[in-house]
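S.K.: Chain by chain, the residues run as shown.
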Amino acid sequence: MVKKLICFMLLSSTILLTSCIKTQSIEKIGIINAHGVDKGDENLLESTLIVFQFSAQSEEITKVVSGKGKTIDGALEDANHSSLYELAPGKIKLMLFGRELAEQGILPLLDSQARDARIPDLMYLSVSETTAKEVLHVDEQQISTDIGQFLQGLIENHSTDHNIPRKTLQDFLRIYYDVGQDNALPIVELHDNVPKLNGVAVFRGDRMVGKLTNPEIVLLNLMQRTVKERLVEMSVSLEPFRDHLEKREDRERKDELEIAFIIKKGKSKTKLIDAENLVFQTETKMEMRLLEQSAGVVFKDPKVIKILEKEVEKNMEARFNKLLTKLQSLESDPFGYGRYYKRSEQGKDMTNEEWREKYPSIEVKFKVEAEIFRHGVID
Amino acid sequence: MDINLTVKRGDQFQPFYLFFIIFGIQIGIGVLGVPRYIFEDAHQDAWLSIILAYLYMLIVAWVMFSILNCYENADILGIQVDLFGKWIGKLLGTGYLLFLLAELLSVLLTYIEVIQLFIFPTMPSSIMALLLLILIVYSILGGLRIVVGVVFLFTLLSLWLFLLVYDPITRIETAHFLPIFEASFTDLLKGARTTIYSLLGLEILFFIYPFVDKRGTKIRLPAFLGITASTFTVLLATIISIGYFSPNDLGLIDWPVLSLFKSVSFSFMERFDYLVIMEWMMVVIPTAVLLMWAFTYGAKRLYSFPKKSTLYVTSIGLVITCSLFTKNVQIQNFANLVSKVGFWVIFVYPFILLPIVLLKTKRKTLKDLPNSNE
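Top to bottom, those sequences are chains P and V.
Numbering (our numbering) for the first sequence: 1 to 379.
Numbering (our numbering) for the second sequence: 1 to 374.
Excised from the complex, chain P in its bound form (with noise of 0.2 Å):
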């Protein structure tokens, strides 16, 4: 009898105890997908918010709320006054910044979505050309699914082609807290009224500092890791092919040889060789396919495409260095020559500070190795 009391007392324990948690029906939240953040009048963070709504009546699944606060959450919860529904912020997919606010700075931003154990470490982050609010509230008639999921997977797709740095907000605050390496984010831009990547924002500490556009972030990605059929345009001197040009007729002869190629595989090594005077040397090393070029060039000779292969390795390494340069003007260094600083005997207690003074003295020697591999079916 006793046993029978205990065994009822537990079960419909397991029953009542279920109380004790706040009930959250998928019906009755709102679940956040996509978030950006704006800078809004008076200091304040203006958040707009593409949301999830499963409900019977609506015929519409997405939604979009807005709300304004002094913090992240205070925007948050302000934005929930104005949802039916309470917000749920477990499914956050994309944080977007408008461009304003990632030039002040967002690592207080994202402290708040890292201290949060709810928010998820997966979400994607970029930054807005103008607005994020502009961005997110694109007419949906145009890009056929939610703006959210459209941002995603607009991100997910290119970085799995490793065309622009995907980050989450674990990547980038690991690499803001390490020494020597800056971040760079993914820019979303309106191009007639439909998101677009549009470049990468290059960031100084938390702060975006710059932007690179496109073809500079093939030369970021081939620092970073193994590129792979990627286009490049570049345009070379035609003077050394003069003699193994094909007879055209009537054709107007230009100075530059316009040409496309396929990186079909290409990586970077970097090492320190003068510690003291902060010397590095990048190797990079390419294997192409020609696709296009302009002039017509006759490849049937090995000896071209010697002669082409040096005009790559040369126009390859012009553009490193001036990428560079600039980004050393930007104070920036998404390259992440710093790491190899403080791998070395002399960095190994240096400072992002130390690293800020340094960076725009260093020197770089870039070595391109270029390979072209097919030219075509055409000679």
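For the record, the hints were derived by calculation from the structure and aren't laboratory data.
Glycine included, each C-beta is placed from N, C-alpha and C at the ideal position.
Misleading hints may appear alongside valid ones.
Restraint ranges, calculated between C-beta atoms of paired labels, are given here [as the list claims (entries may be wrong)]:
no., chain 1, residue 1, chain 2, residue 2, range
1, P, Thr-14, V, Phe-232, 32 to 42 Å
2, V, Ser-184, P, Ser-361, 28 to 38 Å
3, P, Lys-367, V, Leu-225, 44 to 54 Å
4, P, Leu-107, V, Met-281, 31 to 41 Å
5, P, Ser-13, V, Gly-317, 18 to 28 Å
6, V, Ser-309, P, Thr-14, 22 to 32 Å
7, V, Tyr-166, P, Lys-247, 55 to 65 Å
Subject to a maximum C-alpha distance of 25 Å in a straight line, what follows is the list of computed DSS-like cross-link-like pairs (lysine-lysine) [unchecked claim]:
no., chain 1, residue 1, chain 2, residue 2
8, P, Lys-254, P, Lys-310
9, V, Lys-327, V, Lys-8
10, P, Lys-322, P, Lys-264
11, P, Lys-267, P, Lys-322
12, P, Lys-365, P, Lys-348
13, P, Lys-3, V, Lys-308
14, V, Lys-300, P, Lys-4
15, P, Lys-367, P, Lys-285
16, P, Lys-314, P, Lys-269
17, P, Lys-310, P, Lys-365
18, P, Lys-285, P, Lys-314
19, P, Lys-247, P, Lys-306
20, P, Lys-22, V, Lys-327
21, P, Lys-271, P, Lys-367
22, P, Lys-367, P, Lys-326
23, P, Lys-4, V, Lys-190
24, V, Lys-307, P, Lys-3
25, P, Lys-348, V, Lys-307
Since the structure of chain P is already known, use the hints to place chain V on it.
M.R.: Same frame as chain P, now just chain V:
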């Protein structure tokens, strides 16, 4: 009180289970947070500290076995009475039991705090303590064999969690480990001590030893392997945490190992960390069950308290105490205190005990010699 115990054949278990007992009691809630603390002491050489701690733990376990082997079939409570007399022995035994209770409380409090932090912020601690204790009481009512069974099964069932760390492993930044051998020897020792703080639990050997079936030859090996397994777990967690988090960041993260699981995501399960926290109950329960068993069993040995009443009274007491701790800081301070006391009780005390035991047995054999000549 008898110094040696006679245990019925039916109450004994195979030495092989010692592996799971040691692993189960050592790996508890502490593992979730320990990489941060070891890292604070020994920085990128934390792994060296863990290896030092491992060697030290092996020595401690060896010392424990040496003490126990001097007796026929005794436990720590009996040994203390034998060495120091009835009064002091019992006093020391009571102290030992109170320490076990404090350890149990600290485990429960910390686990409840994690649940509140990550999943149910509004759920009262007393309710969660009650739920956990119902499970604990239920398994202890079944006797030692059930306790060992629970430890065995739950440990096996939670092993799959290891598979999930593949994702953070792919994101490791190797530069975080460079340069190696930077930490000074004192830093390494500090790190080793911190490692040991999170791997309390070896004291269970002192209680459970009489129940091991000693007809087989290898009793020590499973225990040593258990220590190896739990050290390996801590080592893995620490290495991944150091690689995954930036050095300046790791010092700020409360539960680095849980945060590792935050980056695991599958299409059918978006947030794996929630599942991991719930699954972690299977890691916490073995620790709690073993401690509770040792406590009730010890109370019966010392004062002949009936096991069931001790069990019920302590459980109710624990539920009430759990609801008294409300602040994060209180819980952390309490857990730190328990770890510090535990270090002395578990990892230093046996070294004091061993010479006394050896002396005593030597004297005894000398005394016994003339008798045997007669």
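S.K.: Look at each hint and say if it fits the structure.
M.R.: We went through each hint and held it up to the structure:
1. Our hint of 32 to 42 Å for Thr-14/P and Phe-232/V holds, since their Cβ atoms are close to 36 Å apart.
2. Look at Ser-184/V against Ser-361/P: about 33 Å separates their beta carbons, and that is inside 28 to 38 Å.
3. Range check, Lys-367/P to Leu-225/V: about 52 Å between beta-carbon atoms, so the 44 to 54 Å window is met.
4. For the pair Leu-107/P and Met-281/V, the beta carbons lie near 35 Å from each other, so the given range of 31 to 41 Å is met.
5. A hinted range of 18 to 28 Å holds for the C-beta pair Ser-13/P and Gly-317/V, which are about 20 Å apart.
6. Between Ser-309/V and Thr-14/P, the C-beta spacing of about 26 Å keeps the proposed range 22 to 32 Å intact.
7. Look at Tyr-166/V against Lys-247/P: about 60 Å separates their beta carbons, and that is inside 55 to 65 Å.
8. Our distance criterion of 25 Å between C-alpha atoms is met by Lys-254/P and Lys-310/P, whose separation comes to about 20 Å.
9. This hinted pair does not check out: Lys-327/V and Lys-8/V have alpha carbons roughly 46 Å apart, beyond 25 Å.
10. Pair hint Lys-322/P plus Lys-264/P holds up; C-alpha atoms about 24 Å apart against a cutoff of 25 Å.
11. Only pairs whose Cα atoms come within 25 Å are accepted, and Lys-267/P paired with Lys-322/P is accepted, the gap being roughly 19 Å.
12. Restraint check for Lys-365/P and Lys-348/P: satisfied, since their Cα atoms lie roughly 23 Å apart, inside the 25 Å limit.
13. Simply put, Lys-3/P and Lys-308/V have alpha-carbon atoms about 15 Å apart, close enough for the 25 Å limit, and the pair holds.
14. For a cut-off of 25 Å, the pair hint linking Lys-300/V to Lys-4/P is broken: about 28 Å separates their Cα positions.
15. For a cut-off of 25 Å, the pair hint linking Lys-367/P to Lys-285/P stands: about 9 Å separates their Cα positions.
16. Among the hinted pairs, Lys-314/P with Lys-269/P is consistent with the structure: their alpha-carbon atoms are about 18 Å apart, no more than 25 Å.
17. A distance of roughly 17 Å separates the Cα atoms of Lys-310/P and Lys-365/P; the hinted pair therefore holds under the 25 Å criterion.
18. Between Lys-285/P and Lys-314/P, the direct Cα distance comes to roughly 13 Å. Compliance with the 25 Å bound is thereby established for this hinted pair.
19. Taking the CA atoms of Lys-247/P and Lys-306/P, the gap is near 21 Å; set against the 25 Å cutoff, the hint holds.
20. Only pairs whose Cα atoms come within 25 Å are accepted, and Lys-22/P paired with Lys-327/V is accepted, the gap being roughly 22 Å.
21. Only pairs whose Cα atoms come within 25 Å are accepted, and Lys-271/P paired with Lys-367/P is accepted, the gap being roughly 12 Å.
22. A distance of roughly 19 Å separates the Cα atoms of Lys-367/P and Lys-326/P; the hinted pair therefore holds under the 25 Å criterion.
23. The straight-line distance between the Cα atoms of Lys-4/P and Lys-190/V is roughly 53 Å, outside the 25 Å bound, and the hint therefore fails.
24. A hinted pair counts as satisfied when its Cα atoms are at most 25 Å apart, and Lys-307/V with Lys-3/P qualifies at roughly 18 Å.
25. Proposed proximity of Lys-348/P and Lys-307/V is contradicted: the alpha carbons are some 59 Å apart, above 25 Å.
Checked against the numbered hints above, the structure violates hints 9, 14, 23, 25; every other hint is satisfied.
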